[in-house]
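**Student:** Sequence:
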Amino acid sequence: MAELFSATWMNELKDAWNAEPDVKDKLADIGFDSVITCGFKDEDTPRGVFIVKQGECVEAGDYAGQDPDWDMRAAHKDWMKWVEKGIGMAGMGTAVAMGKLKFKKGDYGSMIKDPRMAGPFVKSFGLMQKIGAE
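Numbering of the sequence shown is given in the working numbering, commencing with residue 354 and proceeding in unit increments.
It is worth saying that the hints were derived from the structure and are not from the lab. Wrong hints could be hidden among the right ones.
To be verified - Derived EDC-like pairs: lysine to aspartate or glutamate, alpha-carbon spacing no greater than 16 Å straight-line: (1) K406 <-> D382; (2) K458 <-> D386; (3) K476 <-> E373; (4) K483 <-> E365; (5) K457 <-> D420; (6) K367 <-> D386; (7) K455 <-> D424; (8) K434 <-> E356; (9) K476 <-> E409; (10) K406 <-> D420; (11) K394 <-> D424; (12) K430 <-> E396; (13) K476 <-> E396.
Modelling step: build the complete structure from the supplied sequences, incorporating the hints.
**Tutor:** Below, the structure written as C-alpha cells:
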C-alpha cells in the first residue's frame, strides 16, 4: 500500500479512476476537464495532483506548481478515515459543513447540486477506499 498522496498513490488512483465507468465515462459525457489537487489543511501547498481531460485522468503524481481548478484539503486523520471507511453524499456534506473537508479552490456548492458531477465526485472517494493508503 502506498503513502497517501505520494506519486505512487496518485497513480494508483488514476488507474482506478480510468477503470471506473461511473467516474470516467460520466465525466466524459459532460466534457469535464480539470486540474485537481489535494493535501493537508495545515500545509501551504497541496501534496498530489490529478489532471483530467474529457473525464479521463491523463496525469497524476506529486504536486509541482500546477494551477488547480479544485484544491481539496483535510487533516491527515480525516483523509485516512475516508480512505478506510469511505464517505457518501451525506457524509461529504457534513464534512464540508463542519470544515473537515475544505475547498481552497473550486465551488463545492455548485458541483454538489449538479448530479452529473456530484455522483462521480462521491464515487471518486470510493476509489480511494478501494486502493487504500498508509
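**Student:** Each hint: holds or not?
**Tutor:** Evaluation of the provided hints:
1. K406 <-> D382: This hinted pair holds, its Cα atoms lying about 11 Å apart.
2. K458 <-> D386: holds (15 Å)
3. K476 <-> E373: holds (9 Å)
4. K483 <-> E365: holds (10 Å)
5. K457 <-> D420: holds (12 Å)
6. K367 <-> D386: Satisfied, since the Cα-Cα distance of roughly 14 Å is no more than 16 Å.
7. K455 <-> D424: holds (8 Å)
8. K434 <-> E356: With Cα atoms ~14 Å apart, K434 and E356 stay inside 16 Å; holds.
9. K476 <-> E409: holds (14 Å)
10. K406 <-> D420: holds (15 Å)
11. K394 <-> D424: holds (10 Å)
12. K430 <-> E396: holds (14 Å)
13. K476 <-> E396: violated (26 Å)
Consistency note: the structure conflicts with earlier hint 13 alone.
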